[in-house]
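Visitor: Residue-level listing of the chains:
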Amino acid sequence: MAASATHHVIDAVWRIESARLIAGLTRIVGDVSAAEDLAQDALVAALEQWPQSGVPQNPGAWLMTIAKRRGIDALRRRVRLERKQQLIGSELQILARLDQSDLAAHVDDVPDDVLGLIFMTCHPVLPQPARVALTLRLLGGLSTPEIARAFLVSEGTIAQRIVRAKRTLTEAHVPFAMPGRDELSGRLAAVLEVIYLVFNEGYAATAGEHWIRPTLCEDALRLGRILAALMTREPEVHGLLALMELQASRLRARIGPRGQPVLLADQDRGRWDHLLVRRGLAGLRRAEQLSRTLGPYTLQAEIAACHARAPSVQATDWPRIVALYDGLAALTGSPVVELNRAVAVAMAYGPQAGLELVDSLATEPALGRYYLLPSVRGDLLTRLGRQAEARSEFSRAAELCDNDRERELLLARATYPDLASAEHEPKHRPPA
Amino acid sequence: MRFMVLVPGSPESEAGEMPSTELLEAMTKYNEELVKAGVLLAADGLHPSSRGAKVRFQGSERTVIDGPFTEAKELVAGYWIWECGSREEAIEWLKRAPFGGGVEVELRPIFDPGDFGEQLTPELREANERLREQAAGQR
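Chains S and A are the protein sequences, given in the same order. If you read the first sequence in the working numbering, its first letter stands for residue 1, the second for the next number, and so on. If you read the second sequence in the working numbering, its first letter stands for residue 433, the second for the next number, and so on.
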């Protein structure tokens, strides 16, 4: 096999094995930073050896063996360098665990290890951006440049963010373990938040020249599926996965041939991904079977399901969507949810009813610089025939929007308010 | 990137014999691994070809041929649908499957509707959309 072909295979093996490898090593050495270093050492060894020797039969076990051997070497070297008589107790324990030859056993109990690692990388001791970067790096198998590209920041910034995050985890002695019953729901919420944040950055990029980045959505979906397989009894885990699958089902209908956003009302519903719709609806049923009271992700998945089941915008069950938003608003108290609710109210009961709700949100500080507030307002004003006011709302929305593609659409509507319809809006056709 | 993995039939699958408990265990474990890695989207097994049929198209003529069909290894006995980051990753996953005895298992990338390009004209697209609306109305 040519060296470059082997490198593609090594990339693939790394994507499959890295999370389990790092998780297993973290359990053994107790420190995520040291574990990642050992895993990286093993990767380097693979890059050196596999092009000549070929890919081993069991690449995961091979990587684990090398990583453990490097760990043992490093500990022994420290004895020599620091002229210690012997290692301290905890180091001896690590050495003993690294020295265990029972490889198969380690490969077998990995699922729990991966779960332990997720709760570690999403630990509340870390700031949000650090949780995201570390999770993508250690669980998603993404490289630092890939993460930097995804979040449009420099590689140096991401590298530093990851180094600091690992140091924080070490200094705070964050244990490698599942959270206890008492703190599980809060800790799980933090994990779900990280995954959904990654998904959203792919689904509607907050900045940059692309409106959607499907690979980020895929990374989030993969994390969501892993979590759903490991925490089968948690309704909100299934709720989040259902929400992401239902939203992702629309991804390929969501951009036009020139990369421009295509909003829900204008999408060719035949291009929706029906396998994902089916999976999303099944996941939603599972979430609802597991709990009588629906959590915020399950409620959002319910809303997404209303769209997924509807053959057109006009045939959508808008009153039901309003009711679901009522529940979501009561649960979250989020002004962004209130804004979405206003859009649904406009669809169900007319633009004037929607506009009154939007206007009541105008003084909400959290929405002060949120571009969708003037965008929604402009849209409702257009439908009420108040074009001059609509234009200035779209101009204001364009000013506040950081995504190039979405801004283009808003600027176009600032000139021609009727040009395109906004999310949830029926299609406006020019008179024949 | 989505892939379909086509599992070929065997004399046993064609005879309607269920796989051994041992093989079922190995396959369950493998499927679990696929699920826990977020790779498996869908999977199904197919009944033997004796319960199936073929329709031959010749001009305006339609000839129905009842199963079973010969050449078990050319028949599909089941499939998986996987989501993987690359073709190499799909191949790595397939290499871990508990098959043996010289069986060859095929892996094919699945078309995205966008891949049909110009062949799928706006008229065809619209027709497909209408069909979907009708199908949705029947649910």
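I should point out that these hints are in silico values taken from the structure, not numbers from a laboratory. The beta-carbon is built from N, C-alpha and C at its ideal position, and this holds for glycine as well. Check the hints yourself; a few may be wrong.
As the list claims (entries may be wrong) - Under 10 Å between C-beta atoms, here's a sample of chain A residues computed to sit facing chain S: (1) 468; (2) 469; (3) 472; (4) 476; (5) 478.
As the list claims (entries may be wrong) - Some chain S residues well away from chain A (every beta-carbon gap over 10 Å; in silico): (6) 8; (7) 11; (8) 50; (9) 80; (10) 96; (11) 143; (12) 174; (13) 190; (14) 196; (15) 222; (16) 387.
Visitor: None of the hints should be skipped; say for each whether it holds.
Guide: Outcome of the hint check:
1. For residue 468 of chain A, the interface hint holds, since its Cβ comes within 10 Å of a Cβ in chain S; the closest pair sits about 4 Å apart.
2. Residue-level restraint check for residue 469 of chain A holds (minimum Cβ-Cβ distance to chain S is 7 Å; threshold 10 Å).
3. Taking 10 Å as the C-beta contact cut-off toward chain S, the hint placing residue 472 of chain A at the interface holds, the least distance being around 8 Å.
4. This hint is violated: residue 476 of chain A has a C-beta 12 Å from the nearest C-beta of chain S, more than the 10 Å allowed.
5. The criterion of a C-beta within 10 Å of any C-beta in chain S is not met by residue 478 of chain A, whose closest approach is roughly 18 Å, and the hint is violated.
6. The non-interface label for residue 8 of chain S is inconsistent with chain A: the shortest C-beta to C-beta separation is roughly 5 Å, within 10 Å.
7. Distance check for residue 11 of chain S against chain A: the nearest CB is about 7 Å away, which does not clear 10 Å, and the non-interface claim fails.
8. Chain A leaves residue 50 of chain S outside its interface by the beta-carbon criterion, the shortest separation being 12 Å against a cut-off of 10 Å.
9. With a closest Cβ-Cβ approach of about 39 Å to chain A, residue 80 of chain S is found to remain outside the 10 Å limit, as its non-interface label requires.
10. Chain A leaves residue 96 of chain S outside its interface by the beta-carbon criterion, the shortest separation being 28 Å against a cut-off of 10 Å.
11. For residue 143 of chain S, the condition that its CB be more than 10 Å from all CB atoms of chain A holds, with the nearest at approximately 12 Å.
12. Separation of residue 174 of chain S from chain A is adequate, the least Cβ-Cβ distance of about 24 Å exceeding the 10 Å criterion.
13. Non-interface status of residue 190 of chain S relative to chain A is upheld: no Cβ of that chain comes within 10 Å, the nearest being about 20 Å off.
14. Distance check on residue 196 of chain S: its Cβ is at least 15 Å (rounded) from any Cβ of chain A, clearing the 10 Å threshold; non-interface status holds.
15. Some Cβ of chain A comes within 10 Å of the Cβ of residue 222 of chain S; the nearest lies about 4 Å off, and the non-interface call is violated.
16. Consistency note on residue 387 of chain S: stated as away from chain A, and its beta-carbon is indeed over 10 Å from all of that chain's, at 30 Å minimum.
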